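Top line first, the protein sequences correspond to chains U and Z.
Going by our numbering, the letters in the first sequence line up with residues 1 to 603, in that order.
Going by our numbering, the letters in the second sequence line up with residues 604 to 863, in that order.
Please note that the accuracy of each hint is not assured.
Stated by the list, open to error - Pulled a few chain Z residues facing chain U out of the computed Cβ check, cut under 10 Å:
id, residue
1, Val641
2, Val730
3, Leu733
4, Ile798
5, Pro799
6, Arg856
Unchecked claim - Computed list of lysine-lysine pairs in DSSO-like fashion (alpha-carbon distance at most 30 Å, straight line):
id, chain 1, residue 1, chain 2, residue 2
7, Z, Lys753, U, Lys379
8, Z, Lys854, U, Lys206
9, Z, Lys702, U, Lys458
Simulated from the structure, these hints should not be mistaken for laboratory data.
Computed from a predicted model, the values in this text were never measured in an experiment.
Built from N, CA and C at the ideal position, the CB exists for glycine as well.
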Amino acid sequence: MRCISADSKNRLYFYLGLLVIYAVLAIAPAFAQQDATDVDYRPFPKIGSRSAAWIAAQLHLLFGSFILGVPMFAVVIEFVGMRTKDKRYDKMAQEFIKLCMGAFSTTALLGGVLVFVLIWCYPQVMNRLTGIFGPTMIFYVILFFGETFTLYLYSYGWDRMQGAVSKMWHLFLGVLLNVFGTAIMFVSNAWLTYQTSPAIMGPDHKPIALHDEETGEFIGTLWQAVNNYTWMPVNIHRLIGNIAFGGAIVGAYSAFRFLVAKTKEDRAHYDWMGYTGNFIALCGLIPLPFAGYWLGREIYMFNNTMGINMMGSLFSWLFIIQAVMIGVLFIGANYYLWSGMTRIKGGEIYARYRPYMIAIIVLCVAIWMTPRTLIMSPKEMAAMGGTNHPLVGFFGLMTAKNTAVNIIILATFLSFLFYRRSGKAPTVGWRKIGNISIAAVLGLAVAAIIAIGLAGFKVESDFRVNVLTPVQVLIALAVMIAVTVTDLVMYRKAMRSNDINWGQMTDRSQYVLILLAITFTSLMGLMGYARSGLRENWHIFGVMPDTSPDAFTPLLGDAVNVIAVIMVIFFALVGFIFWIGLWGDKKKAERATVTAEVGVGDD
Amino acid sequence: MNKRLSLFTRCLILFLLVWLFLRFFIGGVWSVPLPASVIAMYVVLILLAILVHVSVEDDRFREFLRPIKETLIDDDKKIRRIALGTLIPLVLLGFTFSKVSTKADPPAALRTAHPAPPAELKYGDKVIGLTQEVENPFRHLEKDDKEAFKAHAENGRRVYYQNCFYCHGDDLDGEGHFAHGLNPLPANFQDPGIIPNFQESFFFWRISKGGPGLPPAATPWDSAMPVWEDHLTEEEIWDVIIFLSEYTGYKPRTFGEADH
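Okay, chain Z solo, but in the shape it has when bound (with noise of 0.2 Å):
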């Protein structure tokens, strides 16, 4: 069997085959599907995986050429050289039509999910404070009053379940009912990659402020996320920041505390 098949037509399935398990069998039989820019960089680095593979001795390189060589010179080769030659302008034509026909949906972008916070926080037009600087007046309390501190997370319960859980689901993974509507979606605040990334005053200010709130960076501003502070007050959103935490189990991020 290996005899029959040269190294380069070997490459060639394997590739296909990561290919085909990238594009199908990821997104189809085990998750769902990968965007396309994340699978052309994967097929991108097996191709050049293959070729290092292949490339670093010269027979085997001799060998992995020989059968591109054969089809451009041998005479016996005729029939394949015109199919490919056929072929593979086909598959250009094809690939040029995709890219330049005009489509419905908008074009990829490449969105900042986490723009830098002001360097202050503000709360309306009141300045609580340097951005960096600022804790969560409530949080002291998980050490010192816990009967004080729960009551602080049943009230950010409250407030959740009475204002976000449309967007951010009642399981606070970002599949609310209005969820499907948004673009982009509402946070997964179940995704390991938010709250244990960044400082309580960041979610401040981002509950706070909401979409209109975005600073220039977070282009395209297209945010649903609604500005809370001209409906919570100061300590509801610190209550429900201590909500997110505690339900999902992940500490939001400090600095400098673990260096002691």
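One chain only, chain U, in its complex shape (with noise of 0.2 Å):
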């Protein structure tokens, strides 16, 4: 009997998605068309249109977010494979690109759904949105098709492609694979950031708007309603935070396959990829606060009553809850880290110095968390004499909680520090020097910091929001730059006491890996909440009303509901993907044990 084996069972999958998704795309236009002329909305059954909509969009932002991340650092892993031609890199690198061929036909699958949902519900948005953006749906189309046939070349010409000159290929296919994902992420995005901010920049800054004030026509041009107030903004902040989501979901596989290991090379090979995949995460985690602070400025200028409404009023609650999981993803990382400096020998002795970076982290977390307008009664307030506490209410302003995520970020790159330098020892005749400027640096460092953030509390908002903010992020950005060149040169030639024990990591470290990938994804969903719900009841700002039954913008805690229910379908499908890949493994693994034994028989 011949049973189909999981690859060709994986291809089976794709390839009866990629017909879905094709069929969807080519009948999506004549439904489109057929609706322009009668209904404005349909209700969805049971869970109403506004929720269909957003569950099928979330779940294909995170699922799309996943499968243009990977490929971003797989390409760069496999490049370090080859030149330092460590094969365990080149596989590694294959294993991420497995995961994202399990992820590709969902993400291609949700987003049929997605556009059926909304070709459904809101026909004459739909309508409206391929009036102007006709051309580049078509563009999407065909980046589509390009974005399928090189990820199918790339994975599957994995194992035939590692010659010399066709391992050339094979990473030229890689990068082209990343260049389709950036395009068409950046095409998708020009549609929804439309919807939010449908003016472009003018001089000095102020909007100019795409449409008739009177009548509502777009009187723009495509390239206009493309690069709108914060497509870009847009655009890079997802890139970022796509590299940091895929990092973090590698990390949880990662760490459910440690978990579930038979055996100490498994638990090796797996524990050596959640540390990468933890790294990953965090080099997309540092950049992204100040990506979403250019966003956040462009919508001020965009429009000033919806950067209040973002960050002062409707939903500041939910930046609150942001800053709360922000504080979780440090204080997991760092724990991430310290638990790793237990499996190299010689990591003890900068054991002594984390009690105090706990103790500064927490700290900098807790006035990271502390928000603006207290949650009290009437009594707790008339206790504290006034809305405001005398000494906590200070760390409700912005001057003290960027001041606090600058050191934050300082602190986890000093456990970074400390993880590289574990187990090593610096030969070079200068290193006493080094080590103390290294200190004094990011002492420095910290004081300068702290300087800039109570100045403050003083300056006009204007010279803190263009001068002291920006400034402060770049004395980060170059210290931890300046101390990362510096700590490289001295540990050239270091002394290698022992190498790491991979695969000697404690089970709770895993968890947090797990928690991590959690923690990303509600941060995503909140996140697409408030740049939806920005809209209030717009589809397209102040140009196209909703008046649908389902105008209204959600209360947080409905939000919150709404958003865990995806995030359990979310862990629900990829728990599946996992599981199948495990299933795949179990069975080439048999097949290896029973050839050694033919192979054994036949001597």
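Dock chain one against chain two, each of which comes alone in its own frame, and use the hints as you go.
Right, dumping it as structure tokens:
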């Protein structure tokens, strides 16, 4: 009896998924056309149109983020493998892409579902958007073809294209895959950012509307609609976010495999892979707040009311939850790094700094999380003598928060530095001076960041927003770069006391990896609600009002419920894909043992 | 000393010390009491920090858990078991009771202190312009005609001490003699989180429309801030805004200017 191997099963699903999405893409315009004449809205049964579109869109986005993020670092890792001639890197990159393949058809399917829901429930909106963005939608389909086939070649050609020359071609395919993926995201970002900010930036940052004030008729060009206020900031924010998210999910996958691993080799392999995933997630996480800051600024400039709604009013509590999540991310990431030091002989010497680092990070997280408007009863308010606490009230201001987050980032960087140094001893003659100057530079940077933060309470907010905050960020970035370079030189010819005992990790640290992935996912869910909710009762802000029964902005509590449902579905699907992957590996392992036995018999 | 106290006990002491510090030191000795929600948040954080510290390494984690295990299993810890077995449910009972018992004071509320202004800035029914774009018509005098600017600030001072200081205080710190009868409390303009964070048009809107003009997002709409457009002219409102920023030294937010 021949059974279908997991590989060909995967391929089967992949093709089926593709077929469905192509069918959807082919029929979709016809649907949209038909509807142009009559109804404005059709209700989605039971859960309502808003929830249906919301769930489909957010799930599609989570999967999409994963399959766009993973190839970015997979190519880099493959390249590292080629340069260092270390097969392990190549194998890891391949494993990442396999996960990507598993998620690809699900992404496409969810995209199809989303298109169907939108066309069914919101025909007029879709009609209007297709009217403006029609050509980009065709472009999107072409890009999608490109993405599909490059991913296909890249993944299935992996084992075959291992020769010196064909490896270069293979890498080229990987880069091409990323070009397609990024382009796809940029195109679809144009549609939704246009809905939020249908205007372009004119001279002196004043928005220029793309619509006739009286009739609401579109009077701009396609490129203007694409290149609207928030397009680029959202592009960059999502690009970086995808890397972080991809890393986090891959980390969770590795943690899962680590926890179920039966052999020592497997544990070692997945420990290493989880470490890599977490490292990638951190690399994405650190610049993410800065990209978010830019996006927020752009939203303020497009429409001040929208900006105040986001940070000061309608969504301000959401940003408190976001702050809590980001606090969890940083504490979790540090926890994982510190756990990692226990598997390196010689890492113990850094353990004595840990309590202080925890104290600093927790203190900063506390400042970072303290809301501007405290939750309190009238009695408590009376006892406090005002709405703001004379001490803690200052923590609620942006200047305190920016200071805190910069210090958290530097502390996390220091954890990483300790991790890197664990088990190694520098041999260069100037190591003492080197260490002292690194410590001094870090200390001075923290002092400077705090001083600037304190000044921020006094100065005009324009000066703070445009000068002080960027300077704080630049100090943190410059110090991280300078210290990394010094450290690299110092440890280039370091003595290694011992290698890393991959696989000697606590199970707890693996659960932390999974927690990080969950936190990332919920953050994306929350921010999705904010990004979309900022439009309030508009399909296209200020141009096309939402007149359906779903036009209201859901309360934070309701939104969190929907996001929770989305997360459960997402992790169920992802878990299924991971599980299928496990299954394929088992088959392979069995086959390997069988052939080995046969081989023995033949001898 | 350290030898005799187990890691668990030391952590427990640290935890209690932090709580005492937040609850009684900050709340009594140093400053005014913190709301319960803030204390809860900080206490959870310190708990997290302790757990992180003790659980990174296996050895330390085992040491931390040892007293718990001993209490649960060892034969000679029977008294401790019984004591904890009664104490913990009692504490939980007390906690639950304090949550469900009927209280006289209203519950804690999430309040949006600074709701977003409407897109159009109005004085009465007259549209002045887009909130985002309107500037204080007398602001430019600060550069162009210092004397005239001073006159506007002086007029603002008159307006303030005739109308606002009852609530917002003679030092603009929200400590007026009516203040403590009000909930929400009048704004404290000396707070660095108010004037620097908003444009002058925002304050024009808040002053002209007052509490009754609060938008839907600003529940529970119970502000005592009066509707000043019924009593003051447009110019008087702009003048009092100038006074607020001159007196406190805080400049209202503008957009884009510092870019050049």
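Violated hints - listed by number, lowest first: When the structure is compared with the hints, numbers 2, 7 and 9 turn out to be violated.
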